[in-house]
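*Asks:* Residues per chain, in single letters:
Number of protein chains: 2
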Amino acid sequence: MGWRGILGFDYGIVQAPLGPDISGPELVAAVANAGAIAILRAPDWECPDYLRELIRKTKSLTNKPFGVGIVMAFPHKHNLKCVLEEKVAILQLYWGQVTEDIVFQAHQAGVKVVPQIGSVEEAKHAVDAGVDAIIVQGHEAGGHVIGQEALVALVPRVVDLIGSRGIPVIAAGGIVDERGYVAALALGAQGVCLGTRFVATEESYAHPEYKKKLVEMSNTEYTNIYGRARWPGAPHRVLKTPFFLEWRNLPDHENEASQPVIGRSTIHGMEKEIPRFAGTIPNKTTTGDIESMVMYAGEGVGLIEDILPAAQVVKRLVEGAQNLIQQRFTSSV
Amino acid sequence: MGWRGILGFDYGIVQAPLGPDISGPELVAAVANAGAIAILRAPDWECPDYLRELIRKTKSLTNKPFGVGIVMAFPHKHNLKCVLEEKVAILQLYWGQVTEDIVFQAHQAGVKVVPQIGSVEEAKHAVDAGVDAIIVQGHEAGGHVIGQEALVALVPRVVDLIGSRGIPVIAAGGIVDERGYVAALALGAQGVCLGTRFVATEESYAHPEYKKKLVEMSNTEYTNIYGRARWPGAPHRVLKTPFFLEWRNLPDHENEASQPVIGRSTIHGMEKEIPRFAGTIPNKTTTGDIESMVMYAGEGVGLIEDILPAAQVVKRLVEGAQNLIQQRFTSSV
Numbered sequence: 003m004g005w006r007g008i009l010g011f012d013y014g015i016v017q018a019p020l021g022p023d024i025s026g027p028e029l030v031a032a033v034a035n036a037g038a039i040a041i042l043r044a045p046d047w048e049c050p051d052y053l054r055e056l057i058r059k060t061k062s063l064t065n066k067p068f069g070v071g072i073v074m075a076f077p078h079k080h081n082l083k084c085v086l087e088e089k090v091a092i093l094q095l096y097w098g099q100v101t102e103d104i105v106f107q108a109h110q111a112g113v114k115v116v117p118q119i120g121s122v123e124e125a126k127h128a129v130d131a132g133v134d135a136i137i138v139q140g141h142e143a144g145g146h147v148i149g150q151e152a153l154v155a156l157v158p159r160v161v162d163l164i165g166s167r168g169i170p171v172i173a174a175g176g177i178v179d180e181r182g183y184v185a186a187l188a189l190g191a192q193g194v195c196l197g198t199r200f201v202a203t204e205e206s207y208a209h210p211e212y213k214k215k216l217v218e219m220s221n222t223e224y225t226n227i228y229g230r231a232r233w234p235g236a237p238h239r240v241l242k243t244p245f246f247l248e249w250r251n252l253p254d255h256e257n258e259a260s261q262p263v264i265g266r267s268t269i270h271g272m273e274k275e276i277p278r279f280a281g282t283i284p285n286k287t288t289t290g291d292i293e294s295m296v297m298y299a300g301e302g303v304g305l306i307e308d309i310l311p312a313a314q315v316v317k318r319l320v321e322g323a324q325n326l327i328q329q330r331f332t333s334s335v
Numbered sequence: 003m004g005w006r007g008i009l010g011f012d013y014g015i016v017q018a019p020l021g022p023d024i025s026g027p028e029l030v031a032a033v034a035n036a037g038a039i040a041i042l043r044a045p046d047w048e049c050p051d052y053l054r055e056l057i058r059k060t061k062s063l064t065n066k067p068f069g070v071g072i073v074m075a076f077p078h079k080h081n082l083k084c085v086l087e088e089k090v091a092i093l094q095l096y097w098g099q100v101t102e103d104i105v106f107q108a109h110q111a112g113v114k115v116v117p118q119i120g121s122v123e124e125a126k127h128a129v130d131a132g133v134d135a136i137i138v139q140g141h142e143a144g145g146h147v148i149g150q151e152a153l154v155a156l157v158p159r160v161v162d163l164i165g166s167r168g169i170p171v172i173a174a175g176g177i178v179d180e181r182g183y184v185a186a187l188a189l190g191a192q193g194v195c196l197g198t199r200f201v202a203t204e205e206s207y208a209h210p211e212y213k214k215k216l217v218e219m220s221n222t223e224y225t226n227i228y229g230r231a232r233w234p235g236a237p238h239r240v241l242k243t244p245f246f247l248e249w250r251n252l253p254d255h256e257n258e259a260s261q262p263v264i265g266r267s268t269i270h271g272m273e274k275e276i277p278r279f280a281g282t283i284p285n286k287t288t289t290g291d292i293e294s295m296v297m298y299a300g301e302g303v304g305l306i307e308d309i310l311p312a313a314q315v316v317k318r319l320v321e322g323a324q325n326l327i328q329q330r331f332t333s334s335v
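Which chain is which? The protein sequence lines are A and B, in order.
If you're matching positions, the first sequence starts at 3 in this note's numbering and goes up one per residue.
If you're matching positions, the second sequence starts at 3 in this note's numbering and goes up one per residue.
Check each hint, because a few of them may be wrong.
Treat identical chains as interchangeable: a pair holds within one or across any two.
Calculated cross-link-like contacts (lysine-lysine; reagent style BS3-like; alpha-carbon spacing at most 30 Å) [to be verified]: (1) Lys-242 with Lys-126; (2) Lys-61 with Lys-317; (3) Lys-126 with Lys-214.
Keep in mind that the hints were calculated from the coordinates and are not lab data.
Keep in mind the model is a prediction, meaning the values are calculated, not measured.
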């Protein structure tokens with residue numbers, strides 16, 4: 003027996019689509035097999051054939067449904083077409099406005115649409131477009147953060163907006179364990195979306211040094227110093243590494259385009275140079291000055307104390323939530 | 003029957019000490035009579051005789067215990083002495099480090115010490131000094147905000163730190179209704195502290211125009227443009243009023259000391275001029291350009307839809323929490 007599922011999945015737990023390659027087939031299959039909602043991350047450029055390979059590789063590792071996340075700020079028309087052709091369970095969308103047309107196309111293909119939004123206004127647009135669920139991102143989230151408010155106030159406002167329309171609200175940002183999960187449920191959410199916690203798993207494609215830092219470090223900052231040239235106007239939350247603390251006041255006119263190359267990486271099958279201040283986190287293939295690369299993390303990183311198998315993360319959340327509710331709420335109302 | 007109380011009070015609900023005069027005897031007595039932890043706000047200057055009058059006036063309005071809040075960034079030695087002499091139930095402290103000596107003196111007088119902190123490090127200092135409970139302020143809070151992280155991640159970290167030492171943790175910031183209350187309990191807190199919700203009550207001493215704005219407006223910003231000369235380095239969260247939006251980029255070198263007077267107010271019995279960019283919210287006595295004065299609010303302000311009697315705020319929180327737990331958690335674990 004588990005905690006209530008949503009969207010046809012066993013649980014209301016979503017693994018956020020994570021940076022290039024981090025939530026690849028291995029992590030996604032592990033999370034899907036555990037009964038949660040796992041999401042591949044589509045490349046930030048048009049490459050539908052590669053994306054098709056990613057999806058099919060994932061299908062070879064699990065019989066369970068899963069999703070694909072697309073960042074709408076980047077070219078994505080052909081990638082989107084591929085996702086619908088492959089009829090994955092969930093199309094996750096971020097950083098761009100969901101249209102009725104996209105929702106219509108997805109529904110024709112039997113794909114559910116789940117945008118991640120950061121404000122009440124954005125939630126309203128998404129609901130009006132006919133989406134199947136909404137991920138509400140709070141300011142406490144790691145990686146690129148569109149949310150300007152914290153979950154404790156933002157989730158209830160979105161829930162009040164959606165009212166009785168039966169669209170699940172999923173809370174994202176700073177949630178790591180069963181306490182965050184149950185808190186989100188209390189706020190009116192029906193599910194939670196976790197990023198940083200899933201980066202710190204055995205199956206994530208993150209560089210071991212990055213995973214180690216997630217366990218060791220506890221503090222983050224909301225900044226815009228990384229990836230300004232490639233994706234301007236996209237602030238993010240990062241670990242306060244020594245490199246970050248040295249450069250956090252990078253002048254506004256400066257960006258990665260004029261910086262020295264500090265490493266190399268294979269990203270979605272392509273060889274890439276990583277300049278200083280690139281928005282590219284180190285993955286398993288990355289070489290060079292790892293400690294000077296961006297390391298995204300949400301505010302909950304101080305609660306991460308170990309690298310776990312992804313299935314264990316899901317299990318702890320579900321069993322932990324049940325125990326917490328039992329101990330704290332069931333006995334003495 | 004109520005939700006679990008803390009510190010000898012009926013409930014784990016704290017009314018934050020609010021700006022000069024806002025949580026005066028009338029509001030404090032109303033909250034105390036409702037069974038919650040009500041806190042007078044001591045003046046920001048030494049005036050123990052006036053403070054004694056405030057405490058005694060409150061005692062004339064309620065037989066229930068209540069507290070006094072002192073901002074340690076301002077002169078407070080004599081005020082503190084007065085609070086201990088008057089043996090109020092709770093000494094709330096903010097914006098300064100609690101010492102073992104203060105805790106010892108308070109305990110000698112039978113007064114419990116409850117600091118408001120904004121980080122895990124500050125929580126550790128407070129616990130080591132022997133305090134009776136800790137208010138953890140999240141970044142989503144209104145007024146002056148020392149918290150840099152959101153509650154969803156910060157509360158569990160403080161709870162983990164304090165562990166089994168039996169010291170209640172109280173969550174502050176963005177909490178307005180039973181959803182925030184139960185979420186805080188899920189995160190491991192034993193109580194909640196509400197500011198903005200209590201400003202928007204019938205008994206609060208806030209100017210009617212300020213209360214009206216709290217009902218009408220939904221968005222806030224974390225800023226430092228108000229009160230820079232009087233209390234430097236003290237950022238705050240405010241309503242995004244038209245005045246604020248016009249001046250939010252006030253240059254760093256500018257402050258209220260060189261600005262025109264835009265109104266007058268009686269604050270803790272003293273007549274004051276209010277210059278533009280003063281950190282002084284309009285209270286019932288204030289005249290002048292009310293719309294251009296600072297209006298503190300937490301991120302939860304979008305959930306406030308009415309001006310209520312303070313007792314009604316407490317009742318809704320308690321009954322709402324019980325119903326929410328019953329409906330959402332008790333039936334189907």
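*Asks:* For each hint, tell me whether it holds in the structure or not.
*Replies:* Now for the hints, and whether the structure bears them out:
1. Taking the shortest alpha-carbon separations for Lys-242 and Lys-126, only the inter-copy value of 21 Å comes in at or below 30 Å, while the best intra-copy value is 34 Å.
2. Taking identical chains as interchangeable, the C-alpha atoms of Lys-61 and Lys-317 lie at most 30 Å apart only when both belong to the same chain, with a minimum of 22 Å there against 53 Å between chains.
3. In this homomeric assembly, Lys-126 and Lys-214 come within 30 Å of each other (Cα to Cα) only across copies, at 25 Å, whereas the closest approach inside a single copy is 39 Å.
When each numbered hint is compared with the structure, no violation occurs for any of them.
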